[in-house]
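*Asks:* Below, each chain spelled out in residue letters.
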Amino acid sequence: MMSESGAHEAANGLDRVIHEPARLLITTVLQSVSGADFVFLQNLSGLTKGNLSSHLNKLEQAGYVAITKTGAGRRARTWVELTGAGRAAAAEHWKHLDGLRALADAPDEPADHTEL
Amino acid sequence: MSPESETARMQRAAAVAANFNHLRGLIPLPMGVALLVVGALNLDGESSMLALPFLVLALLAGIPISRYYERKFGRVRTDDVVATTLVVVVAVAVFVALGLAGRYVLAQSGQIAVWLTGLQVAVTMSVMSWIPVVVRGRWRDLALVRHWCAICALVAVIALAPVGLWTGGGHPLNSPDLAAPSLMWAFGAALLVGGALDHRLLVRTMRDARGAR
Numbered sequence: 145m146m147s148e149s150g151a152h153e154a155a156n157g158l159d160r161v162i163h164e165p166a167r168l169l170i171t172t173v174l175q176s177v178s179g180a181d182f183v184f185l186q187n188l189s190g191l192t193k194g195n196l197s198s199h200l201n202k203l204e205q206a207g208y209v210a211i212t213k214t215g216a217g218r219r220a221r222t223w224v225e226l227t228g229a230g231r232a233a234a235a236e237h238w239k240h241l242d243g244l245r246a247l248a249d250a251p252d253e254p255a256d257h258t259e260l
Numbered sequence: 746m747s748p749e750s751e752t753a754r755m756q757r758a759a760a761v762a763a764n765f766n767h768l769r770g771l772i773p774l775p776m777g778v779a780l781l782v783v784g785a786l787n788l789d790g791e792s793s794m795l796a797l798p799f800l801v802l803a804l805l806a807g808i809p810i811s812r813y814y815e816r817k818f819g820r821v822r823t824d825d826v827v828a829t830t831l832v833v834v835v836a837v838a839v840f841v842a843l844g845l846a847g848r849y850v851l852a853q854s855g856q857i858a859v860w861l862t863g864l865q866v867a868v869t870m871s872v873m874s875w876i877p878v879v880v881r882g883r884w885r886d887l888a889l890v891r892h893w894c895a896i897c898a899l900v901a902v903i904a905l906a907p908v909g910l911w912t913g914g915g916h917p918l919n920s921p922d923l924a925a926p927s928l929m930w931a932f933g934a935a936l937l938v939g940g941a942l943d944h945r946l947l948v949r950t951m952r953d954a955r956g957a958r
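If you read the sequences in order, they're chains A and B.
Positions in the first sequence are counted from 1; adding 144 to them yields our numbering.
Positions in the second sequence are counted from 1; adding 745 to them yields our numbering.
Any given hint could be a false lead.
To be verified - Reference listing, derived: stretches of chain B covered by chain A, where coverage requires no fewer than 3 residues with Cβ under 8 Å from a Cβ of chain A:
1. 756–768
2. 820–826
3. 853–859
To be verified - Quick list of in silico lysine-lysine cross-link-like pairs, DSS-like style, CA-CA up to 30 Å:
4. A:Lys213 - A:Lys202
5. A:Lys202 - A:Lys239
6. A:Lys239 - B:Lys817
7. B:Lys817 - A:Lys202
8. A:Lys193 - B:Lys817
Worth flagging that the hints you see were computed from the coordinates, not collected in a lab.
Every value quoted in this text rests on a predicted model; they were computed, and no experiment measured them.
Each residue gets a CB set at the ideal place from its N, CA and C atoms; glycine is no exception.
Use the sequences and the hints to build the structure in full.
*Replies:* Following this line, the structure appears as structure tokens:
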């Protein structure tokens, strides 16, 4: 069982903006590339256009992604890339998740049976 | 679904995104077919001018396939200049060096029991599949080139089979008539199988990532 204080500390470090599963997938994928377009992210996440837009807006408002529109008409494309803050936040978030997993995998701590 | 498998799928999705441009496996398929045809056209050991249109057509066929990927899967930007340049330079260097070494060995010993151009193909393709992973330092991405490693290993095993010992001379594919065609067949077949498997990996991973959410 994980230590309560350690788990609490690690859980406190979780970024609520990134932690939502769809946004975690988006930021994780964007961490590995320079940028991806809307179609790619929609394909990978399986979200509807509206849902994906909403998640991207939340990430943009938090300053984690930069959204750029290029071209016009049939060539119009929306590019999404992580900002420096977004990259740092995503990396930090995964560090906390790994910490939580390590705590969960840790062997039980011996209980203190000292009688007073 | 367990958090463990969900995490693994997310990391797999990230790996596929990082290698997306290389996993568009349908793009090299026309070149694979063209190499098989060109190999057959060169069976007399002399290069035929008929080969050129096939190779040009194969390159042109890559354009609509590339557009298909853009429409169906979208686009990804990666900082791949260093890795791509290194792949091209090292692959050409290895290919030429092995070709020269093969000719030298053949000239020295007259007959070799193993298939030299097969070895040339296996080593060149192996280098091409490993370099991007090594340059990016993304060791988890090795899982994405497993099938290429298997193809290279298979070609190497076929090439190293000492067929020459049974034919009572050198390996038949080392003969001047068959050396160039067999090289093209090996490359062509590898591109067909590897490309198809790349495409399948891409489709499956994108589907799994959608399912994981």
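*Asks:* Which of the stated hints cannot be reconciled with the structure, identified by number in ascending sequence?
*Replies:* 3 and 6
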